[in-house]
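Q: Working from the sequences, and respecting the hints, build out all of it.
2 protein chains.
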Amino acid sequence: MSTEIIGIAAGVCTAISLLPQLIKIIREKEARDISLFYLLILFAGLALWIWYGVLRDDIPIIGTNIVSIILNIAIIIFGIRYKRKSS
Amino acid sequence: MSTEIIGIAAGVCTAISLLPQLIKIIREKEARDISLFYLLILFAGLALWIWYGVLRDDIPIIGTNIVSIILNIAIIIFGIRYKRKSS
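Sequence order for the protein chains is S and F.
To convert, note that position 77 of the first sequence is 77 in the UniProt record's numbering; the numbers rise steadily by one, no gaps.
To convert, note that position 9 of the second sequence is 9 in the UniProt record's numbering; the numbers rise steadily by one, no gaps.
Just so you know, these hints were derived from the structure itself, not from any lab.
27 Å max Cα-Cα, derived BS3-like pairs, lysine-lysine: (1) S:83 to F:24; (2) S:29 to S:83; (3) S:29 to F:29; (4) F:83 to S:29; (5) F:83 to F:24; (6) F:83 to S:24; (7) F:29 to S:83; (8) F:83 to F:29; (9) F:24 to S:29; (10) S:24 to F:24; (11) S:24 to S:83; (12) S:24 to F:29.
A: As structure tokens, then:
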């Protein structure tokens, strides 16, 4: 149980660390500094973590990486939208 | 074994996604866009993942998050150095 809490706290912190990129891109409506290549690598990594969590039956990994991947997808969507506008 | 490979692949991808921030800060010698607050939250998250990996005896989580936390520490060190210079 306390192990799970540490896992959830870990995942909440790493998910939160995606927020400044999302906030910046929505505020500035500009995506020149955003690398879609690395966002897609991060997407692959988060999807693999979810898959790994399912294989290990590890709820903190699954849950927190689902939150992270949703934030990552939002950054990708805004990134594509604002890259188009600025080009 | 194949589960471990998925975990390692996941961790390699999420570690790689820290690289653009590190490369950018070293190239531009400028850290105005870097939020130390969020880098410290990410540091806490990665440290908790390592702790979680130790508790779960999970080698992919431990190994890949050690790589990530080294990259994160490098970003923090350069961030503090270049924030000082630019202020």
